[in-house]
Structures are given as structure tokens and as C-alpha cells.
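Colleague: Single-letter residue listing:
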Amino acid sequence: MSAQTADTVAIEGTDLPAEIATAARPHTLRRLLRRPSAAVGLAIIVAFIGVALFAPWISPYDPVATDFAAVRKAPSAAHWLGTDEIGRDVLSRVIFGARASLLAGVVSVLISLAIGVPTGLIAGYAGGIADMLISRMTDALLACPFLILAIALAAFLGPSLENAMIAIGISATPAFIRLARGTTLAVKAEEYILAARAIGNPPWRIALRHVLPNIVPPLLVQATLAIAAAVIAEASLSFLGLGQQPPEPSWGSMLNTAKNYIDNAPWMALWPGLSIFLLVLSFNLVGDGLRDALDPRHA
Amino acid sequence: MLTYLVRRIATIAPTLVFVSMLIFGLQQLLPGDPAMILAGEERDPSVIAHLRETLHLDKPLPLRYLYWVRGVLHGDLGESLRTQQPVLQLILEKLPVTLELGAFAIVIALVIGIPAGVVSAVKRGTAWDYGANIVALWGLSTPNFWLGIMLILLFSVTLGWLPASGYVSPFEDWRANIASMIMPAFVLGNAIAAVLMRHTRSAMLQVLSSDYVRTARAKGVPERSVVLKHALRNGLIPIITLGALELGTLLSGAVLTEQVFTIPGFGKLIVDAVFNRDYAVVQGVVMFTATAYIVLNLVADIAYAVVNPRIRYQ
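So the protein sequences, as listed, match chains U and G.
All residue numbers for the first sequence refer to the working numbering, where the first residue is 1 and numbers rise by one.
All residue numbers for the second sequence refer to the working numbering, where the first residue is 1 and numbers rise by one.
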């Protein structure tokens, strides 16, 4: 529907070339870790996952416990990152907030992959009317700006973290359909597919056993970058009140409250925002690193 | 060119049909009786009856869709439950504010993104290149609503230089208008600048290694001229398409930016509609946005074909 071709796809401004090796390349992880920025990104992601998993043990306070004797207290020895408008410990809420962000990032991308990859594979492999219908539907979904579609879906589904994940997942799906379709078209033209067809393999077997494994690397890069976009989208929906509902902690909803107290409790806004930034930056660094590691031109 | 034009316009018709199906389908996500939910908490029986009639809820789904599409084709996007105003009128009232914000944001994005991309490509592998890439990564990774809050903290709360929120029409006081727009426009332009920078860098690297640039250098054309006259002019052609594609980022960003800075624009309209459960407005805004996006992409593609003849002969 635009000069953007089916072979490239943009998520949050990052173009993903289809020339990325369509075959799984050995030593990808080693090559990824050789890039300092990607290694730092990966380390930060692992740290965030650790924080989210061990939140109940490392969090100094209950994230929803209020303390009206400690309302909007500046960072101190008792509350390292300060307290919020009803005396809840900001550090504890930031720690537990990592769960909502990571969960939303991963689950919504899994939803996109679950819908987008089979659909794109069918469009690219079957061609004809199926391709035409799927491509027009994808164009229609792409015509609705990502966040506006997610807001509309979340509004109609009702505000909750689960519905926000579904809304983000559906909104991010067209990018995966396009990428899966484009790479399938490229793989379909390879000689080994011709050989598989020549020895009498049925189409479903060729698509699943020969095409699918070879379109995984570019999808992996796209998924990593899409997690970054999904983390921001979840924070945005929670900021607007359409994601995680109070009193459960989420970085976006913490920022929504914090903006009302910015003149006398700026720490309430600083730490959740910094956490979103760090996590998103890390996924972007790993995504960029993966793209380079899987691209034969950078080998 | 005419064949290209006809072919291109023909492709948007099915897309628009699917968009309308998708947006109409949103209503089906509401659990239970749509009339009861759309009527809001008061659930006035007369409102429920009016909704049943206007939404044709007693008719089968395909027929309801056709009624809805007929309305949309006549510019009728429904009526706001809250204000009883036509949705299209509400959109057109709020749109100028968002367009002004968007125009400021695009100027900021162009001023930051293109020079940063050019410098990054020309000085590839140097500290300039790394610096520009860091700025781009910063732009892509910063949630704009957080950036907005931090700018309010610095420029409004701490320094007292700019108003923290609100909007003043340029026809009332243009100075106050600019003051109220600087921070939101920077917040909105920041992410687009990052995308522009990355695309400009990539396009410039490709153009700078082309034969005609090598020829220009061999002829002794000064480097400044090679970069600005020969390379940049051609490198910027794909940016036309990018501009239209970034409309989505701009509108999505406007929703959050207008919320942070309390700007009464298009973005705030959809958020307020969500909280007022004014679903007709939500549907109308999405339909309007998607149509604008499709039409702008068409315009960009035509402009691209005008400046690049190879496209129209493909």
C-alpha cells in the first residue's frame, strides 16, 4: 500500500531487511555477544528478568501496602527511591512493575507471532486469492496507527493488563504477517524447495518442514524489536488507564499518577520512566545486534 | 503515469473496505447487549431505544454493517453519546490543534534528523557517527510521555521558562501559542527525528558509494558540494514515503503528548471518548485516522513516482 515493499517491515522506525540470512547461522549467540552494545543490552534484560522473577524476595516492602505516615517522602535510607502519594515504596513498585512490562512485552509478541507467522506463511506459500485477501487485510490493519488501534481495542475489550496484551498483540500482528510473507516468498524461490517439491512432498510438509525453519532468523530479530515496542505500548496504555489497573504496580500507571505530583515529588516519575527507557533500550540494542549477527553482510 | 495512478488508486479500495469491516467489528467486541453498554451507566430506556433504532440492532449483522458504511460514505460517523454532536464535527473541531502540533513536531524532526543522518553517514565510524546513533537510540527508546513529564519538571517547575500545560490559539496570542507548543512538539518530534536519522544515514551511505558521486569527486567537485548537491538530493527521495508512514507515529504520539500537556486536540478526543465510553467517537476517530493514513500514503506514493520515474514503469 506504499512504497514500503513487502520485503521490509518497520516497527517503531526500524527497518528490517529481508536479506537477513534466511537460514539459521551457527554461532549467532557468540557473534551477538561479540558486539559490546548487544552484550550490555542482553545483560540488562537478564537483570530485569531476574528482578521480575525474584520480586517478592528482593522487594523491601509490599508494593501495594500504604503508609500514610510516609506520604511522598524523598529518597532516604528507609525508602531508597522515595514513596508515592499514599506512602507506597517506589522501589518495591518499580521492582514489581517489571513483571507487568516484561509479561506484556513477551505475551503480546507471542500473540503476534502465533497469528502473524502462520498467516504470512499461508499468504506467501499459497499465493493467489489467499495472498490477495491476507495482504489487503494486513494493509487495513497497518492503516490504523499502532497505538490508536491498541487504544480502540483495549477500550472495547475493557481495561486490564490481559486485554492490553491482546490489544497490543493484535495491533503488532500485521508487521509479522508482512515479514513472514516476504521471507516465505524469498525462501520459496530457493532450489532446495524445488527439490523438496520434486521428490513429492505435500505443500503443508514443505511449508512446515522446509520453509518455516528458514524464515525464523528474521522473525527473531523482528520479535526482539517488537518486544521493545510492546513494552512502550503497555506503559502507554497503563499511563492512559487502559492497562494494569490500580493498585497493582505498572510503570505506566505509576507515571500517570506521578505527573500530578511532579512539582513536589519528582522521584515518583523519575524511576519508573528510567526503567521503561532502560528495558526498551536493551531490547533495541539486542535487536540491532541480532540483525547484524544474522546478516551475512556483517559476517 | 495515468496507468500507475489508476492502478494505485484501485488498490486502496479493498483496503478501505477491510478497514471499515475492522472498525465496525470493534463494536462486536463489547460483551452483552451493545445498546445497554453504549447507553452508559444511566441506561435511560429512551436512549437505549434510540440506540437500537439508529444502530439497527434488530437487523442481521451484514445489514447493520451496510447501514453503517452508507453513513460513513455520507460523512456520518455517528453521534457522540456525551455531547450529542456529530462525530465528524467533533473531529474537525479538534484536528487543527493536532495538525499544528504535528507541523511543529515535523519541523523539529527534520531539523534534528536529517543533519544528524548526513553527518553520521559522511563521518562513518567516527565519534560523530557513534554520537548520532546514540541520539537515535535514545529517541527510539524514550517513552514520549515520560520525556514530556521530565521536560515539564525541568523547564516549567524548576526553571519556570515554559507553561506546564494548556493550549493558546495562535489567533489569540501567537507568542503564548509558541510557548505552549515548544515542549509537546519536541516530545513528539524526538521519536520521528530518530527514525529520520536512521533512514537518512542509510540512504546517504548508499548514495555516497554510487558511481555518480565517485565521478563528481574524481572531477574535483568540493566535498561539501558532493554531499549537499549530489548525494543529499537523491538520498532524500525515499524520505517522502517515510514522511507519510510516520503519520502513524505522529498520531499515536499525539495521543500521549496531548494527554501529558493537556492539549485539547485529536489525541485527547479519543482518550476522553474512551473514558466516557463514547464508543461512536472511538470508532469515528479510528476510521478517520485510517482513511487519512491511506490517502496520505497514496499521495506520497504518487509524489515518489513523480520524482522517481523508475517506480511508475515497474
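Worth double-checking, as some hints may not be accurate.
Residues from chain G that face chain U, not an exhaustive set, calculated with beta carbons under 7 Å [said to hold, decoys possible]: (1) Pro14; (2) Leu30; (3) Gly32; (4) Ser141.
Rather than coming from a laboratory, the hints here were simulated on the basis of the structure.
The model shown is predicted, which means the values in this text are computed figures rather than measured ones.
Ideal Cβ positions, reconstructed from N, Cα and C, are used throughout, including at glycine.
Colleague: Would you mind marking each hint as holding or not holding in the structure?
Modeller: Status of the hints after comparison with the structure:
1. For Pro14 of chain G, the interface hint holds, the least distance from its beta-carbon to any beta-carbon of chain U being 4 Å, beneath 7 Å.
2. At about 6 Å, the closest approach between the beta carbon of Leu30 of chain G and any beta carbon in chain U falls short of 7 Å, and the interface hint on this residue holds.
3. The closest approach between the C-beta of Gly32 of chain G and any C-beta of chain U is roughly 11 Å, which is over the 7 Å cut-off, so the hint fails.
4. The criterion of a C-beta within 7 Å of any C-beta in chain U is met by Ser141 of chain G, whose closest approach is roughly 4 Å, and the hint holds.
In this structure, the one hint that does not hold is number 3.
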